[in-house]
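Using the hints, position chains B, C and D with the ligands against chain A.
Protein chains in written order, with this note's numbering: chain A, 1 to 330; chain B, 331 to 650; chain C, 651 to 1158; chain D, 1159 to 1485.
Hints were generated in silico from the structure; no laboratory data involved. Don't be surprised by glycine CBs; every beta carbon is placed ideally from N, CA and C. Treat the hints with care, as some may be off.
Said to hold, decoys possible - Computed list of chain B residues with no C-beta within reach of chain A, every gap over 12 Å:
no., residue
1, Lys454
2, Asp483
3, Gln546
4, Asn548
5, Lys592
6, Phe594
7, Pro600
8, Gly612
9, Trp616
10, Thr646
What the hints assert, rightly or not - Derived BS3-like pairs (lysine-lysine); straight-line CA-CA distance at most 30 Å:
no., chain 1, residue 1, chain 2, residue 2
11, B, Lys356, D, Lys1255
12, D, Lys1314, B, Lys540
13, D, Lys1283, C, Lys935
14, C, Lys803, C, Lys933
15, C, Lys933, D, Lys1366
16, B, Lys380, B, Lys596
17, D, Lys1255, B, Lys626
18, C, Lys803, D, Lys1366
19, D, Lys1366, C, Lys1027
20, B, Lys630, D, Lys1314
21, C, Lys844, C, Lys888
22, B, Lys613, D, Lys1314
23, C, Lys803, C, Lys1003
24, B, Lys462, B, Lys544
25, D, Lys1314, B, Lys544
26, D, Lys1366, C, Lys940
27, B, Lys414, B, Lys337
28, B, Lys630, B, Lys337
29, D, Lys1314, B, Lys626
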Amino acid sequence: MPQSLEARVDRVAPIPRLAAMFRRNETVLLLVLVALLVFFTIGSPTFMTTRNITNVLGQASIAMIAAVGLGMLVIAGEIDVSIGSLVGAVALPLVVIMNATGSLELGIISALVFALAIGAVNGYLSAYLGINSLIVTLGSMFVIRGGIYIYTGQKAIPDDLALESFYQIGNGRLLGMIPYPALVALAVFAVFSYMMGHRRFGRQLYAVGGDAEVARLAGYNVRQSKFIAFVLCSLFAGVSGILLSSRLGSAVHVSGLGFEFQVVAAVVLGGVSLAGGIGSLGGVALGVLILAFLSNGLGMLNLATEWQQVITGLIIIGAVGLDELRRRRG
Amino acid sequence: WAQNMPKKIGYVTNYATHEWYQNVIKGMQDRAAQLGIEFEVRDANLDVAKEVAAAEDFMSQGVDVLIVTPVNEEGVVPLVRRAKEDGIPMVLEGNPVKGMTTMVAICDYDTGYHAGVAAGQYAKDHLGGAAKVMNVGLPLLSATVLRSNGFMDGLKTIIPDATMVHDLDGGGNPDRALEVSSAALAQNADINIIYGINDSSSQGGLQAWKAAGKSQDNLLVVGTGGEGLGFINMMDNEPSYQIEAAMFPEKVGFTAIDAAVKLFNKEEVPPHIVSPTSPMVGKDSWKQFYDLADNKRTIKWDAVNALVPADKCMKTAADL
Amino acid sequence: MQADRSLAGTPTEVSGAPAVTMTGITKLFTGVKALDDVSLTLLPGRVHALMGENGAGKSTLIKILAGVYRPDAGQISITGKLADLRSPRDALRQGIKVVFQEIALIPEFTVAENIFLEGYPTDRLGSIRWDRIRADAAALFARIGFDVNPDDKVGNLPVSKQQMVEIARALAHEARVVVMDEPTSSLTPAEVAKLFDVIRRLTALGMAVVYVSHKLDEIFEIADTVTVLRDGRHISTKPVSEHTHETLITDMIGRRIDNLFPRARGAAGEQVILDVEELSTEKLKGISFKARAGEVLGFFGLMGAGRTELAKAIVGFDPITTGRITIGGQLLQPHDTRTGKALGIGLLTEDRKSEGLMLDLSVTHNMSLASLERFSKSGFVSEPSEKSAVQAFVDRFRVKTPGLTRQIKFLSGGNQQKVLLARWLMRGLKVIVVDEPTRGIDVGAKSEIFALIDELASDGLAVILMTSEMPELLGLSDRIAVLAEGRLTAIMDRADATQEKILDAAIA
Amino acid sequence: MTELSRSAPQVSPKLGWLTSQTQLVLLVTLFALCLLISLAAPQFYSVDNIIAILRQSSLVLIVAVGMTMLLIAAEVDLSVGASLAFAGVVAMDVTNKTSSVTLGVMAGILFGGGVGLINGLIVTKLRINSLIATIAMMMMLQGSVYLYSREAVQNKHLQPLFTWLSTGYVGPLPLPVVVTAVLFAIGYVVLRHTTLGRYVYAVGANEKAARLSGIRPARIKMLVFIVTGLLTGLVGVILCSLMNAGQPTAGRGFELTVVAAVILGGTSLTGGRGTLLGTLLGVLILKVIDNGIIILRWDQDLQMVIPGFIIVIASYLDLLRKKSNAS
Ligand SMILES: Nc1ncnc2c1ncn2[C@@H]1O[C@H](COP(=O)(O)OP(=O)(O)OP(=O)(O)O)[C@@H](O)[C@H]1O
Ligand SMILES: Nc1ncnc2c1ncn2[C@@H]1O[C@H](COP(=O)(O)OP(=O)(O)OP(=O)(O)O)[C@@H](O)[C@H]1O
Ligand SMILES: [Mg+2]
Ligand SMILES: [Mg+2]
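The following block holds chain A by itself, in its conformation from the complex:
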């Protein structure tokens, strides 16, 4: 049998890395994205300009960062619908501390600590106490938003000191070209895309989401993995919230309303199954970009808002349906 063993080993082809990164589902999405880009380029002369494209990338990056976090959590078989409220909420410690201390760094740290704490609470209730995560985070979505309103008396808190650094993190551009949020999003995406595909950490999330009991039997600490995913999801939503807050120059009590729907839509559009265990961050990124370019492009075509909504809905159904069709055929 030794020969046949060697023979088998030799026959194992090297793993096609690119192919693995852009697995089947991503190709469909990529095609949809390219089709949209082509269509809008033809439809509007101002669409395919550096200015516009970098603009859209900057806009998309807020959702992208949160979507990476949520994508990992959904892959791990859980969900967090409180991220919209959290995006609004992190701005409070950020701006309040910044106003009090004059330090952006302290503001950011407290915002991130706040996000971590929320993630830890969601994670504890869901992963350790075992309450369904949709319920937990639906609860925290209401509680956090209500908390913001109560704390602020339903008023925005301005950035009193008008710190230049605070303005720059969300509005500035590297070399006057690439918005800083886009850089953050790219970094987050690259690191965690790698983590999901090539690190135990990521595979653990897939395993836990694929079948939690099987993962437990394989010696994984399922609760801990899920807990970490919750914390990361909140943390990334926190980062999104910080950047958004900079774009808004203040802590706006209504910011992030409905953000969770947007991000969930992008994640699902990106091919991540709500049942867990299936999907990739590459798909998630494409989902975010499709929605962002759609919103931008339809605006460029000067389409009325109501048509934009109808078309966005149709495209979501079309893209997800197409993917479903592919899955059934393949």
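For chains B, C and D with the ligands alone, coordinates are given in the frame of chain A:
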């Protein structure tokens, strides 16, 4: 024309599907068409982030002037700065923003105040001088808070012991307003004035009243905005709906375009261009300012233009 | 190479000191004492068989050893030291590897990744070495002799292949104790032989093996010692040499079974009930056969030959590309189980968990699902008549359950199978297709199911039996059909059939 | 094995209308809330207030009946809020144009049913996850309602019958409450005592097993989507009558209230489990809280915060109960 016309004006609205903004947009469209200016609208749909994105899109698309109704006045401060850096003139609608050049807006407090005075008069004449107010409010926005405050202050000038019996958050939506009002009405039997910060709110309050099976004999309903057809319908059919604090959205839109043209020509403009409002009192009072045909209302420009706006608001968000 | 090391390590413990001792283990579930003061000693280098009826407590004992459940009383020591197994992780750390009764693999992962789920090989920077994972998995399969492609997605594999992956996974890393809970329930004799080969090699190196199976022949072939459980209690522990089939069965079920295959053959009628003509699907190619009232038509085939596909196609579950299926003279609407049911055909699926059980629902609701019309008038279910019918089947099949409203997920596998069979028998059919009907079922229940199949045929049903068990096939069938790679290669009368002929046709 | 080690046994349905103690927890919560609120504000028990609560609850409950069935069948519909607004607009418009309340009401209900039908088709034919499909539907409805009518449609027909739909009384009870009671009773009986109800549970618990047993899961799901749609249309009509206008902006967030109530009532999100009694209690609890906060003159922002806590705490208690039962 002494002025150069901008080629294109972009308007980012707060909530395009709300009747108020529908009519603001209509005013803008009409005025832009008169002046031969290309005009585009994007809707923030109550989402601050989307508002910033839409304004960015306009800027990269190269509009000559930007008009923005802030979803939240703090949230567009960086946007104002970036428009300045890009050299794109910007007109704010509705709410003042730090760093802005000019704003076209009604005076919310004053609007409420004058309606309050009228309501006081009405209460004195028809309600035996009692004024127990249910405010179907919206604490979310400073503008709507100012209206409620103005209303109570105006009311108190006529009836000093007027009280706000219940201060509600009706979300500015008719269904929510209706729901919270039914609870409040069940609790307070002595309410006799319903004030709504917009027509949806007053409608919600009134409908809650009707649903509770109460007679409208000793009730006064005061609406604000004159946003769509709702208030006309109510004034026509509901005996208690006697006062509307009309804010003429068409006029606001009209004025905003004019302001945009001025900014484009680098003319001097005041920081607050006030658009007029007026309480309308009594059943047919709306006919003074509006025509209704085929379910479409048309503003009577002459009547509205004859209104003289205040130079300065009595109170603004800064006073809150 | 890791895989090599695990199968060819150096002999370590050949001494007689126990690898594991479990003493006084008691485990309670709501309403059930699953284990009552059970003890078990595992010696290195020995295969210890665990036997017992469905629901006897075998899997529970194993799960306690695996750290899945914590016992309510009792102790576990590993190589003489008291061990507190709080989670599967603890057990794995102690070198206890388990092949669980229900497939425990991540369906979305490839075979190779599943094998290394417990520990991915990484490079110095901590990146997973996918190349090693694939190569090692391939090597591992080659050594065991299982034919599984490491790149396949596990979820796409038939149960049998998944079971091989499970086995390979338990062998991928070094272990002190390997526990196998019915590892061969979906395997063909050839694969079982390969598995036994491996087990022998491992025990020679001093590994202790726990082996659970309902197939007595396997026990006599591989086990050194047999422990029998009944109703959660320890009945006996003896060297296998002191047992005969009869004594083992008596220990297990407390009575004797005289005739496992009660088939009084030859009474098949002439009336054709099921007529399959030129049936093709993506996998099947032009299959034609007829089944008559009162006969048991057995289908044999190697793994993946297409039996399950055939079964699903003829009941209307899967779409077909061409062909006609007639039941009792009426054409079946393909890809529509409802007309199938109306025409009187039903399928006992081989994949209990994903296609059969509604885990959250009660025994009653699971059982009555296909025959609700029987208990209902104008759409309203009459619960008393439903209940009495269910109770009758529970009694007749000796389904071990504390009550009819018990959620079915709390029943043992064998009892679940009985409920699913009852789902169809309750309805009254013309044709029943049974796919691996005795998978995971104890001898007692097996003989009952065989008796039932016989009874069904005698009542005039056509029974289509898909099985990988040669004795079952030969013992029950009136005629035997053989599938090979989606084609029907032979149909023969039982009288003409021999094991050789069947296998020849299966390989063709 | 996956399921074996984590979940809990079912409590005997012999307990009758209290199918499980989940509902007991909710019932106690409801009573406690009522008690506490009425201690602080005796007006809570006024007829007016109770009727106000019941009327509001009935709007939510009607849709929640359908939503409960959907969740049991392992699907969800988030488009109900948008659909309800649209249905109201259609109902008012048709009544205006035809002066026939019957036609208007039918139009509204059928509109909702049509949306349900499309949702069902998208989910069963294109096999798109219902969460995303109905989010997309929500967007499309929110957009297209303005294609239909740019403004709120006012009551031009002035038919008293139309107003009676929401404010009329049958004996001492408001008409919507009576309608809700009837629909709830039908839903309850269907779900618990009919083959159809069994099939809904079966499809949610294991779709493949259901199909192998001769059930057509797609049809069951279609049916439940359509029922939910029709009920949503009906609520759209009632709300429209209550507001005396077809308001395109109505119903924002309504879907979340409904889903929250159904979940609070103990219906599983993964399908196969849930009861309408739980849903009833869930709706009442949420609406009593909403009402109580106003009656108590508390900060209305607590209308978000408190239900948030209650949902989490209730499901935790439910979990504890299951755990203690299981061991
Ligand atoms: N998680 C659980 N909760 C409640 N009861 C359980 C649970 N797991 C097993 N049981 C019960 O414990 C008893 C023993 O079950 P176990 O699975 O150990 O049997 P088994 O001997 O492995 O049977 P089989 O041969 O059918 O696999 C059965 O009555 C079963 O219903
Ligand atoms: N070698 C294989 N590799 C991948 N998929 C397979 C293989 N064999 C079968 N399958 C798939 O598994 C499913 C069940 O297989 P099939 O019906 O052919 O098996 P069978 O003849 O019933 O054998 P068994 O039940 O013993 O697996 C089918 O969907 C088939 O496509
Ligand atoms: Mg077992
Ligand atoms: Mg098979």
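Q.
Between the alpha carbons of D/Lys1255 and B/Lys626, is the straight-line distance 30 Å or under?
A. 15 Å, holds
Review point. Quick one, are C/Lys933 and D/Lys1366 close enough, alpha carbons at most 30 Å?
Key: The hint holds at about 20 Å.
| message | Would the hint linking B/Lys630 and D/Lys1314 be met if the CA-CA limit is 30 Å? | response | Distance of about 23 Å is within 30 Å: holds.
message = Just to be careful, I want the Cα atoms of B/Lys630 and B/Lys337 compared with a cutoff of 30 Å; is the pair within it?
response = 28 Å, holds
Review point. Straight-line Cα separation of C/Lys844 and C/Lys888 no greater than 30 Å?
Key: Holds, at about 26 Å.
Practice prompt. For the pair we were handed, D/Lys1314 and B/Lys544, check the Cα-Cα distance against 30 Å.
Written response: Roughly 22 Å between the alpha carbons, so the hint for D/Lys1314 and B/Lys544 holds.
- Query: Is the straight-line distance between the alpha-carbon of B/Lys414 and that of B/Lys337 30 Å or less?
  - Reply: Satisfied, since the Cα-Cα distance of roughly 19 Å is no more than 30 Å.
> Taken at face value, is the distance from the CA of C/Lys933 to the CA of C/Lys803 at most 30 Å?
Replying inline: With a Cα-Cα distance of about 18 Å, the restraint between C/Lys803 and C/Lys933 holds, given a limit of 30 Å.
Check your understanding: Is the Cβ of B/Lys592 more than 12 Å away from each Cβ in chain A?
Key -> Given a closest Cβ separation of 25 Å, the condition holds.
Least C-beta distance from B/Trp616 to chain A larger than 12 Å
28 Å, holds
Given the hint that B/Lys380 pairs with B/Lys596, test it: the Cα-Cα distance must not exceed 30 Å.
-> Holds: B/Lys380 and B/Lys596 sit about 29 Å apart, inside 30 Å.
* Are all C-beta atoms of chain A more than 12 Å from that of B/Asn548? -> 33 Å, holds
Hint violations for this structure: none, all hints satisfied.
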